[in-house]
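Those protein sequence lines, which keep their order, are chains R and V. Under my numbering, the final residue of the first sequence carries the number 335; numbering is consecutive throughout. Under my numbering, the final residue of the second sequence carries the number 632; numbering is consecutive throughout.
A few of these clues could be false.
Now the stretches of chain R that chain V is said to cover, found in silico as 3 or more residues with beta-carbon under 8 Å [unchecked claim]:
hint, segment
1, 32-43
2, 51-61
3, 70-81
4, 89-103
5, 110-121
6, 171-183
7, 275-289
Only pairs whose alpha carbons sit at most 30 Å apart, straight line, appear in this in silico DSS-like list of lysine-lysine [claimed, not checked]:
hint, chain 1, residue 1, chain 2, residue 2
8, V, Lys580, R, Lys226
9, V, Lys348, V, Lys361
10, V, Lys580, V, Lys361
11, R, Lys226, V, Lys407
No lab work stands behind these hints, which were simulated from the structure alone. Virtual Cβ for every residue (Gly too), placed ideally from N, Cα, C.
Here are the chains, one letter per residue:
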Amino acid sequence: MAKARADIKPSSPNTAQVVLGFLGFRHAGTANWTDNLFFGFSRLFALAIIAMTIVLLVVLFQGADESIRKFGLGFLVGTDWNPVSEEFGTLPTVIGTLVISFVGLLLAIPVSLGTAVFIALYAPVRLRTPLSYLVEMLAAIPSVIYGLWGLFVLVPVIRMVQIWLKSHFGWFFLFSGPANYGTGVLAAGVMLAIMITPIITAISRDVIRAVPRSQIEAMYALGATKWETVWNVVLPYARGGIVGAAILGLGRAIGETMAVTMVGGNAFRLVTSVFDPVHSMASQIASEFTEATYSLYVSSLIYVGLVLFGITIVVNLLGQLLIWRMSKGRVTMLE
Amino acid sequence: MSMTTDTVGISRKSLAGARAQFQARKLTDHVATVFLSACAVLCVAVLLLILGYVVYRGAGYINWQFLTALPKPVGEAGGGVGNALVGSAVIVTIAVLMAVPLGVGAAIFLNEFPSGVLGRGIRFLADILTGVPSIVVGLVAYGLVVAPMRHFSAISGAVAYAFIMVPIVLITAQEALRLVPSTLREASLALGVPRWRTIMQVVIPVSSRALLTGIILAIARALGETAPMLFTAFGNPYWNFDLTKPMATLPLVIYRYATGPYNDWHEQAWAASFVLVVVVLLSSILTRSVLRNKFDA
């Protein structure tokens, strides 16, 4: 496409051209000053994306500045969150976030992967597209509606499950503590599992589709069953991309706010049992920000946001990298 | 998969063993098929369970009054979400006005004026920006607009939405422009049409449906976001058309009502969810039918 550029030499530049050229509105190979103007504007918009990113970082660092000065990196390992004595630390919420995200991931991976394999290789061709649509529709439901549904439908069910677990396996250390609230690690984990299933399914499906047909045919030719083909060829071949999909799912889970705020129980403490109420970084910001009464409190919440931002970026980059390597850029995050 | 044949002739015993092994492999295959179908059924069942419950609880409450009236004070029956519907629409419209020129303009730069490192870097940033948690976007809009103004406002909500929409519009627009055959551009350039007119009058019109699809996708994504609205638009129980004042939005109303203690609020939360789900899913289905899934191609 780029080669199609009209190669006309500029004859004598007019005044507008000189002025615009001075301002950086210049595009090699075109004589038309309106073209330069157009190019300049589109580049301006593109540079605005860079500006947006810089603004995002500057605003976050500026907002967190007071808290960063006061607590430094000790904030990350601090276990106190006491607005009265002005002590702030974020370790329990970081751990809470990771715990519920991993519970979500643990539940979501087998189901998502199973669905992805089913859609890509098992389902009748006519069913594949509708099935993909339906699973991706799960991603379109707003998270506040997940929260509402979770609060009134899922939590009572989880409560029954928890009471049953407590009475039968109460000796197990993960099932200690009061089981009869329903909100907590387990509810938040199940909620997150439902919410990240579509992204893991969609990406795994695309990655599985990228496995060369010849490899699959070769397995069949050797007399392998369909499952043996999936297990020995398809999944190992797609492994990098599937891990990437799971990591992107993790990134989504870590940043999820509303559903976790509504079903997680919102308690600031180190979780020790799957029944414990929990705060994620996002849910803590959501539930406390408008109640933060003095600047250090606000600043500390923005610091939590900065930590959350950092963790999500690292996780997303890792996932994106794995998928790129596997699919050579054909599968993107938005899909 | 290995079979045991000890001598030239296959003994009756090893034949039986091989048969048993084959049966076991077939059984494993069947079990796997059942498991994989069960996964897919589970996903669809969960979707239907959630949507079905929202329709079951919410649809009955919908009437003209609910869609147009203001919320009533606690304790009084009735009331509606009219101001929240209008508020959502107003805030999203302003966000679209900010995000679409920016996103499409940047996409034009990336696709029509390929510039190596700069282009790749910007696309990379856009990919990163889609992954920023929405609550963090809320914090940024707070620091950027609310803190300097010293009060919550609709405009800060629009800024937050714009932050969410820009990368989505950019990425979908770039895909849309990429699908325009380069022969069309070359034909136009060969006729002596300047590049900017080629882009505005050939490339954009040809890709307009796909561009629109991306914009609708971004709107649908933004409309359901609650977290960035909590401390930007904030919510408002009254009619408000002043952009510098707090404004009600639909997801905020759902959140407040759902976490509140009153039964009537819960009913209204379901009804408001029904409205939101219909809007979001309709636009999602709309975009699906216009922009065919890559998977089919």
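Results of checking the hints against the structure:
no.	hint	in the structure
1	32-43	holds (count 9)
2	51-61	holds (count 6)
3	70-81	violated (count 0)
4	89-103	violated (count 0)
5	110-121	holds (count 9)
6	171-183	violated (count 0)
7	275-289	holds (count 4)
8	V:Lys580 / R:Lys226	violated (61 Å)
9	V:Lys348 / V:Lys361	holds (20 Å)
10	V:Lys580 / V:Lys361	violated (67 Å)
11	R:Lys226 / V:Lys407	violated (61 Å)
Checked against the numbered hints above, the structure breaks hints 3, 4, 6, 8, 10, 11 and satisfies the rest.
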